[in-house]
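Based on these hints, arrange chain B on the given structure of chain A.
The lines below spell out each chain.
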Amino acid sequence: MTADLYDRKVTPAEVFLRAWLIPLATDPALVGSQRWAAGMGLPYRMVRRLSGPTDLISDFPTVRVHTFAATYTDAAREADRTHRRMLLLARDLPDVTVASGVVASCASCDVLTGPREEPYGAESVVVRFICEYDLELRFVSV
Amino acid sequence: MSNADISFTVDRDKLAAEITEQINAEIAAGKLDTQLDDFMENEVVPAWQANSPEDTGEYKESVEVKHPAKGGRGAVGSSNGYAHLIEYGSEDTPEFAPRAKAAATFNNGSTGDYNGKKKK
Chain A
1 MTADLYDRKV TPAEVFLRAW LIPLATDPAL VGSQRWAAGM GLPYRMVRRL SGPTDLISDF
61 PTVRVHTFAA TYTDAAREAD RTHRRMLLLA RDLPDVTVAS GVVASCASCD VLTGPREEPY
121 GAESVVVRFI CEYDLELRFV SV
Chain B
1001 MSNADISFTV DRDKLAAEIT EQINAEIAAG KLDTQLDDFM ENEVVPAWQA NSPEDTGEYK
1061 ESVEVKHPAK GGRGAVGSSN GYAHLIEYGS EDTPEFAPRA KAAATFNNGS TGDYNGKKKK
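As you go down the protein sequences, you meet chains A and B in turn. Mapping to this note's numbering: the first sequence position 115 is 115, numbers consecutive. Mapping to this note's numbering: the second sequence position 89 is 1089, numbers consecutive.
Please keep in mind that the hints were generated in silico from the structure rather than gathered at the bench. Hints are not guaranteed to be accurate.
[To be verified] Label-pair ranges, simulated between beta-carbon atoms:
1) B:Asn-1080 / A:Ser-124: 14 to 22 Å
2) B:Asn-1003 / A:Val-111: 55 to 63 Å
3) A:Ile-57 / B:Thr-1009: 30 to 38 Å
4) B:Asp-1037 / A:Asp-110: 46 to 54 Å
5) A:Arg-138 / B:Thr-1009: 37 to 45 Å
6) B:Lys-1014 / A:Arg-116: 37 to 45 Å
7) A:Leu-112 / B:Ala-1004: 55 to 63 Å
8) A:Ala-38 / B:Gly-1030: 36 to 44 Å
9) A:Asp-80 / B:Asn-1024: 50 to 58 Å
10) B:Gly-1081 / A:Thr-26: 35 to 43 Å
11) B:Ala-1017 / A:Ala-38: 55 to 63 Å
[Said to hold, decoys possible] Sample of chain A residues lacking proximity to chain B, with all beta carbon distances greater than 10 Å (derived):
12) Asp-7
13) Glu-14
14) Glu-132
The C-beta atom is built at its ideal place from N, Cα and C for all residues, glycine as well.
So that you can see chain B by itself, here it is in the shape it has in the complex:
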């Protein structure tokens, strides 16, 4: 390259902003909702159930996708009437914490889990 040349480089910040904008537009348009539904159904629900007490199996079976993905947001939960007692424990129920354990597995609400690796 001679002194008369002008060199150019990619503007990383501008490019990152443009990509982020594209991703946000796709999420808002629901283009990733199918993937999120699949993730919740096939990864989060089984992880939650794996941390659930068996007993009658009623609680474990109640864990489901409660809010299908819409605009990149969805929710998994239990509609069982005593779910809060299983989660937090009571004077005669151990603190099983299946919700918190599942949440920790998936970095507290992100589709990116860390499976024993550092989060930060």
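Isolated chain A (complex conformation):
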């Protein structure tokens, strides 16, 4: 069964950002969209799309990037690397090849919140920093 669909699509924001942040990690599994849990390794980066509208031309996701590490010092350093990687994205707006091989790019990246610590849980042995951004991702022909 086939159905007519819009002939343009956009790379999901989480897929796009994970691909962009993976060079920061020693292992691709250390960048994901799942909450960190014991045994997942550190430092770990989690990308989440929170909200944002879309139209026929662009998607405007608000995204949050969490950076987890074992100590405050490590988390602060890794969160700084996360943020500087995002600032590079904002400045250069480069093409990014995602896991499927599709080349995607964003038209803008605005910083909403720079890195800051947010508690993750009393029992946890990790420190977490978060930062937030507004992106514009363009639809492309399929």
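This is chain B only, laid out in the frame that chain A set:
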């Protein structure tokens, strides 16, 4: 118009600057504070609550105008003790992000929302 006429046009930049100055003076004098209070109470708070988890309802009910408008500035928030865990998630709490979702609805702190339209 003959060659002896002098034509005049409105100086748009000057006019825009004068209007901006008038608006800024009215905002500073608190003349728009009632409107901002009404906006926060009747649009922002409901939008935030609509994105809040139900559970006991304690968090949802805690969302309120925390700082009434003064000189064109005000704030909506939650005084709930675990609000940060609901917003950012934790090892055993999903990241509900009601604050961020409400903020995105209202263009991250502007009274002009875009409801699915382009922001720029």
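Each hint, compared with the structure:
| no. | hint | result |
| --- | --- | --- |
| 1 | B:Asn-1080 / A:Ser-124: 14 to 22 Å | holds (21 Å) |
| 2 | B:Asn-1003 / A:Val-111: 55 to 63 Å | holds (56 Å) |
| 3 | A:Ile-57 / B:Thr-1009: 30 to 38 Å | holds (35 Å) |
| 4 | B:Asp-1037 / A:Asp-110: 46 to 54 Å | violated (28 Å) |
| 5 | A:Arg-138 / B:Thr-1009: 37 to 45 Å | holds (39 Å) |
| 6 | B:Lys-1014 / A:Arg-116: 37 to 45 Å | holds (43 Å) |
| 7 | A:Leu-112 / B:Ala-1004: 55 to 63 Å | holds (59 Å) |
| 8 | A:Ala-38 / B:Gly-1030: 36 to 44 Å | violated (53 Å) |
| 9 | A:Asp-80 / B:Asn-1024: 50 to 58 Å | violated (37 Å) |
| 10 | B:Gly-1081 / A:Thr-26: 35 to 43 Å | holds (37 Å) |
| 11 | B:Ala-1017 / A:Ala-38: 55 to 63 Å | holds (59 Å) |
| 12 | Asp-7 | holds (20 Å) |
| 13 | Glu-14 | holds (13 Å) |
| 14 | Glu-132 | violated (7 Å) |
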